[in-house]
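Enquirer: Listed below, chain by chain, are the residues.
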Amino acid sequence: MTITLILFLSFIAITLGITGWASRRSGSSASYFAANRQISAWQNGVAVAGDYMSAASFLGIAGLIAFFGYDGFMYSVGFLVAYLTVLLVVAEPLRNIGKYTMADVLAYRLHPRPVRAMASLSTLVVSTIYMIAQMVGAGALVALLLKGSGIGYQTAVVGVGILMIVYVVFGGMIATTWVQIIKAILLMAGTILLSTIVLAHYGFSLSAFFNDVAQVHYHTADGKEVVKDFFTPGLRYKPPYGALDLLSLGMALIFGTAGLPHILVRFYTVPDARTARYSVVWAIGLIGCFYILTTFLGFGAATIVGRDFIVKNGGNNMSAPLLAQALGGSVFFAFICAIAFATILAVVAGLTISASTSFAHDVWTNIVRQGHEHDAGEERRVARIAAFVVGAVAIGIAILLGPTANVAFLVGLAFAVAASANLPVILFSIFWKRFNTGGAVAGLAVGLLGAIVLISLGPAIMAVDPPTVLGAARHLIQRPAIFPLENPGIISIPLGFLAAILGTLLTARDPEAEEKFTELEVRANTGLGSEKAVAH
Amino acid sequence: MGASNTPSSAENSGWDRIANSGDFRKLLAAKKAFVVPATIFFIVYYFALPVLVGYAPGLMQKKILGPLNVAYLFALSQFAVVFIITYLYVRAARKFDAASARLLSEFTTAGKEN
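Chains as they are written, first to last, in the working numbering: chain A, 21 to 556; chain B, -2 to 111.
Bound conformation, chain B alone (with noise of 0.2 Å):
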């Protein structure tokens, strides 16, 4: 199975010791306050496209932009969604390791390796 090489048995209650404390409670609350919410956005917002092309057409084929439409530059404004999105993520995910690894150094002896 999954787990080959899991801690020692000393630190199999380990498991229970870490998911309990408080430094690791806050690690998972702050990945969810990131989380939950950028992914609520990125799934409207992409949903938002396909159900504006197929019921609103008429909002869609406006030009805007010379021959451009507001359908084609809505298309290319969810790029740059990604690309905002996964550098906010990067971003806060530097604060997500840095509070796992002072976890791991806490709790574990192997923690100064990560």
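Looking at chain A on its own, in the form it has when it is part of the complex (with noise of 0.2 Å):
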């Protein structure tokens, strides 16, 4: 546990050092928002990996092949094929177009005031959610990490919440980039060493491992032994429902992370089309290695810790740091669980900026102010209280929650407001020239509300518990859910699109935004007038 802590504030102390480094660099709107666009194609697509590969990667999905195999190893396939949907169809033309945030793009040839003002709601939104998820894991790892220390779950809160408003707040995208840089080289670092232990473990026999996995032992919850094939899809997704909910859960995973404002303002910090791209290839070449070792991670939680011992050291979310700690003893633990820490810190901060970016460049510059900051600097000033107040308002709702609330829906929650709400509109802004204003905020509207209601309606908030479950980690309706499936992306996504088509073909034409079209195709596709990178 010491040695835990002082990796911890090694991992902090480095992390502040980096961010009064970036404040001294911090000092216009370009450097602050977009670290002066001068960030390279490696580093960027490092800084991606760092921003995308959140705790639910890393401790979720290793815990859920842990648990159920294969089903657990879809994430992975569909948190790696979602890049294809960046790389070949959003990056650069985003880049090209936009300056600081998601609604730039829209508000590029349609009315930009209603059209900002949802896609900010939907940027707050997605990237609120997505915080709260990640700061109660936090919580609940930290607390459960350094239990005995003194520091408790609300400690663990504020203090990881203080942290990405200190990064942000000082730091800017500067900051927030190496902070996302140093821990996507940790977390490969830790997923190298801890597949190619699993790989000793079994003489580096591959046979041998498989094998093992091939028949995994565990009790079930009314304490039958049971042995399952752990390659054998099904043990998670099961009828009636299972295979649409599957279906379900990977629409919204390959829509919804080209949707994802956190990752899209992550292109804006590179100087041009070109290195955004090549930033991708980098980014999916990371994230790839990552998801192909989550094979070992989980898997051999599962064959080499057990599902039993895992249920009974804190569940599912802490087999790949049980798994440090079965091969590679307390040391390796302290290690892996640094790196859990060092990992949900670069995303919350991520999503920090990129909620507070919204509300100044959107809301405030652009709506409130009509497109002019009243004195110079008045952009950042705004986003750095937006930054606090996000940040207080996370820290408060995952006290309020507590540490054993069911939040593991609010990522998928996620994904699907961003599938459902941001890339319909996106794709149409920047393909479709009759698209329009009405169409922009129908399908903002709808596809946000819909994925909402949905998952609302859904077994993650509507199920009648056995009275051994209490609290927090009750469902919030004690009723049959009214919607099957856990992931809402099937009927949400198409709602979103449909929205956006009737939304413009039931308004009038806008022949300024159709005459737009024009400057922005050739914008999009040449570079050219796009924002430029600041010289030092």
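The reader is advised that the hints may include incorrect statements.
Interface residues of chain A toward chain B, partial, derived using beta-carbon atoms under 10 Å [said to hold, decoys possible]:
no.	residue
1	TYR103
2	ASP232
3	THR538
Keep in mind the hints are simulated off the structure, nothing from the lab. The beta-carbon is built from N, C-alpha and C at its ideal position, and this holds for glycine as well.
Please assemble the complex out of the two chains, which come individually in their own frames, going by the hints.
Expert: Here's what the structure looks like:
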């Protein structure tokens, strides 16, 4: 435990040092919001990976595979394939068209105020719910790891919240980028090391390992011993709705990633579209390696540690750290725990900066101030205040919910909103000349509401718990679910597209928007007129 | 709004001139010829996985390489598909970059910087 604490503190010290260094370089809007657009391809690629691979990936997927085998691995596949949408369709046009936020792309040729208002709302909703999921996870994790040190859930949540606020308020995008880069390097190092040790445990024989995965022993909740082939699908997603749920999840993952505001804003930090493309290539390389290795983390935890032991020692989110403990002792356990902590911090920092930038740039400067700062530096000042408020709200909600709150569905909700509300309007802005303001507002509103309503009517919120489930772990509404799927994407994504199409066709044509499409098309494809990197 | 450093006003009509030029239309067509089929392919290939897992469990559970079944090997193949499409796109995009650089130097004075 002391080692864990030392590693935590060294990570905090290094990142605060970087924040201090970055704060002296954040004296302009371009530097504060977009790191002067001077981040290189490899740096941004590693930072995208660091921004993306959340605790839900590292701890969550390892845990899902350790408990449910193949069905957990389906997440790994979806999280990676998602980057083809980013690479082929979104990253380069976005970099060429926009300035600081996702809404820039929509406002380029549509009526800026309604479009920015809706896009900013969607950005804030996605970022906040994702952040709350991370904060509750972080609090529970840190409290568990440092059990006995006097650091409880609340202290941990407040600590994580203050750190992310400090990174973002003082260090802006430059500090956020480097926190994400360091985290991604640590995460990859830890994952490769852990995977190697799993293989070493099997004498570097893949077939010995795979044979073990095909016969995993554990006890079910009612005490029966069972042997399962963990390569067999269906341990988690069961009939009658399992197959649809899996499909629905897949849709949210591969269409949602390209609509996640905190990922999209990373492409504004590079000098041009070509660098944006190469940074996606770097990200795909890293993220791909990571998710392939979840085979060893997840299945390894199932075969070496065993589901029974994990259930008794912190639950499925602890699978990867417990695997490290079983194979490498307490030092390695501490190292993996510190990585999990760094992972959460880097992701929440990315979420905070994208939410606060959207508030400052979209809501304040472009809606309230109608496009002009009152005085130089106003936008940055507002962003810093917004970062503080967003952070404080997330801390407050995470403490209110408590460590046992059932928040895993929030990550799924964030992806579903991103896929249903954000992606359709981004695509139509870039590729559909006739698209207009009515379509953008309708698409964003219906996609956002559709995902939230369907999740609320689904089994994540509505279920009848046995009386043994207590407090915040109980489902919010104690009735059978009205909507049978955990993942709303299969309905809400088509709804978002449909609303954007109907909203466009049922409202008057916008000749100005259509005329500006020519400009947008040239700009998106050639980079002519795009935001340039700032020289030192 | 977005366009804070658009080309000078003289170049504003330049947007149209570029947009209507044969070279620009060719660039768009070339991009479309790669991106549309690649996107359709990866979406179909990806969704084949959950669809087959959900609706053809018998086929997916067939062991074909020791303990490894179709489902797991199919999932692994998704990684390979992502890497291959990424490689092919980067290769194709080099030609797009060259074409757009030519366009810019032809139509704008600033083009040479690119």
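Enquirer: Determine for every hint whether it applies to the structure shown.
Expert: Results of checking the hints against the structure:
1. TYR103: Because about 7 Å separates A/TYR103 from the closest Cβ in chain B, which is inside the 10 Å limit, the hint holds.
2. ASP232: The hint holds - A/ASP232 has a Cβ within 10 Å of chain B, the shortest such distance being about 9 Å.
3. THR538: Since chain B brings a Cβ to about 4 Å from A/THR538, closer than 10 Å, the hint holds.
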